[in-house]
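Below, each chain spelled out in residue letters.
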Amino acid sequence: MQNNQEIQSKDILVKIRGMSFKRGTRVIFENVNLDIQRGKITAIMGPSGCGKTTLLRLIGGQLRPQAGTVTVDGLQVNHLSRKALFKLRKRMGMLFQTGALLTDLNVFDNVAYPLREHTDLPDSMIHDLVIMKLQAVGLRGARHLMPSELSGGMARRVALARAIALDPMMIMYDEPFTGQDPISMGVLIRLIKSMNEALGITSIVVSHDVAESASIADFIYVLSAGHIVGRGTPQEMQQSDSKWVRQFMEALPDGPVPFHYPAADYDEELLSGNGHG
Amino acid sequence: MVKLGQLSRIPLEVLQTLGRYGLDFFERLGRGHVFMIYVLMGFKDVLQRWQLVVIQIFSVGVLSFVIIVISGLFVGMVLGLQGYNTLVDFGAEESLGVLVALSLVRELGPVVAALLFAGRAGSALTAEIGLMKTTEQLSAMEMMAVDPLHRIVAPRFLAGTISMPLLAAMFSAVGVLGGYFVGVGLLGVDDGAFWSQMQDTVDLRDDIFNGIIKSFVFGIAVTWIAVFEGYDTVPTSEGISRATTRTVVNSSLAVLGLDFILTALMFNK
Ligand SMILES: Nc1ncnc2c1ncn2[C@@H]1O[C@H](COP(=O)(O)OP(=O)(O)OP(=O)(O)O)[C@@H](O)[C@H]1O
Ligand SMILES: [Mg+2]
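From first to last, the protein sequence lines are chains H and C.
Counting in the numbering used here, the first sequence runs from 1 upward without gaps.
Counting in the numbering used here, the second sequence runs from 1 upward without gaps.
Just chain H, with the same shape it has in the complex (with noise of 0.2 Å):
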């Protein structure tokens, strides 16, 4: 594997090397190497509250670490400035797990904001785009609904529809599958399956949903309690013998991995009977 991540050195997009991030005393992150391959699927996966959110918001330059460096396409995104920041941030795409959309604008003019605002196409031009990026996700004829008027599953294919509309170079995608049905599950399956093989998009997917991440992933990072405790591909993660990966992988409630979030013992706060922590 050492061998293997020489070769591709070059073909590594977003580069994170020594990084830690802590909010007030609670560390999310410490010393954290990942690498992100240009042109494949990266899939992080690991608990809830694990910091996968925070990861995409350090990618992004919205957060910045304490430590250690981040570096989007040979910049180092920790320490650009806001302009440059802007500028790299035109290529790249994000899907918020709560979508995110802006409530005063349908969801047509959400999908052709991004347009507006960076391109000078004419408005022709933007129909279509938008048309056809709706299309994509099944929503062309909910095009005139308003944010308010859409189900949390609906609300999140629009904000994938945006987050594509300037075709950029690497999307990350913050849960996309939850609240989707089966159906609308697949079609996302595909869809970024197909950006990521027709356009060559560097697509970081993070899920808790082992098996549909394993299914389009080329490669997977595990993620808990501030460290990375698995990395593969997707053969190699169900081959592990990693007790980490293997907890994840087979969801078995006990293992090294936390359900809690970081807490006194439980049984002493019972018996010491005071309610107040």
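Hints are computed from structural coordinates only; laboratory data are not their basis.
Every residue gets a Cβ at the ideal spot worked out from N, C-alpha and C, and that includes glycine.
The reader is advised that the hints may include incorrect statements.
Which chain H residues face chain C? A few, computed with CB under 10 Å, are given here [what the hints assert, rightly or not]:
{"hint": "1", "residue": "Gln-62"}
{"hint": "2", "residue": "Gln-97"}
{"hint": "3", "residue": "Leu-101"}
{"hint": "4", "residue": "Asp-104"}
{"hint": "5", "residue": "Pro-114"}
{"hint": "6", "residue": "Leu-150"}
Chain H residues, not near chain C, derived (Cβ > 12 Å throughout) [said to hold, decoys possible]:
{"hint": "7", "residue": "Lys-22"}
{"hint": "8", "residue": "Ala-211"}
{"hint": "9", "residue": "Asp-265"}
Here the structure of chain H is known, so what remains is to put chain C with the ligands in place on it, guided by the hints.
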């Protein structure tokens, strides 16, 4: 049951709390200024998208229009009644027009309009921006390489600053009509004297111009506080409600404090 040992600790704790409040206050003040510098840097952007400002003037101005007109009318009518009662004792009721106009143009117009503006438009601005932050819309814009300070905050700030003098002028104008209605219409003050004395006494530079400066400054203060509180909201529903309250309280205090300072500077002869 305070023990003696604890007693001696109390002043220290009070000092600590005071110190913390002081530090918080200056920290926020500093952040507010840095924030405004970024917003001002976005004005170049805004000029290219002046439609955004027009839309905001429409929503900010129209939000406050009805309340400003109704309040202006009542304040003017009260001025008419009170002024008449006092002036009639000196046989000077013909100066009612002067009294009404000067009180409105110099003081009540800018100040009351700004207070109403803070309660109506300021709180709405804070809640709107705070909600956009809470629902990650501002984050999403940042990730789309659109600066929310330029696209969301700057047009709203500009719109508030432009609307405020207009609303204050409207308040004063309607107020003068209210005073006229009560003074001339109901209490029988001479029509011609009402207007001609007003015209002779009210000075364009000293009174009207200074009133406009005041309302302009109030507009900056109120809108600044409103957009900053919205942008600085703790992203929860409780955070939004707190920020909205803070906008109304802080901007009202700011208006009254600034009014004293501006009045002292303008009318000390
Ligand atoms: N604004 C914030 N202030 C303080 N702590 C935060 C904040 N946002 C997140 N955290 C903390 O950071 C940790 C990581 O959060 P993050 O949202 O990255 O988790 P996640 O892995 O995306 O979880 P999920 O799968 O549930 O979305 C959490 O433990 C959370 O408590
Ligand atoms: Mg998350």
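Checked hints:
1. Hint on H/Gln-62 holds. Least Cβ distance to chain C is approximately 6 Å, under the 10 Å limit.
2. Evaluation of the H/Gln-97 hint against chain C yields a held restraint, the C-beta minimum of about 8 Å falling below 10 Å.
3. A distance limit of 10 Å between C-beta atoms decides the matter here; for H/Leu-101 the minimum to chain C is near 7 Å, and the interface restraint holds.
4. For H/Asp-104, the interface hint holds, since its Cβ comes within 10 Å of a Cβ in chain C; the closest pair sits about 9 Å apart.
5. At its closest, the beta carbon of H/Pro-114 sits 5 Å from a beta carbon of chain C; the interface hint therefore holds under the 10 Å criterion.
6. For H/Leu-150, the interface hint is violated, the least distance from its beta-carbon to any beta-carbon of chain C being 13 Å, above 10 Å.
7. With a minimum CB-CB distance of about 19 Å to chain C, H/Lys-22 clears the 12 Å threshold, and the non-interface call stands.
8. The claim that H/Ala-211 lies off the interface holds: its Cβ sits roughly 28 Å from the closest Cβ of chain C, which is beyond the 12 Å cut-off.
9. Chain C leaves H/Asp-265 outside its interface by the beta-carbon criterion, the shortest separation being 30 Å against a cut-off of 12 Å.
Figure legend: structure checked against the earlier numbered hints; the only hint not met is number 6.
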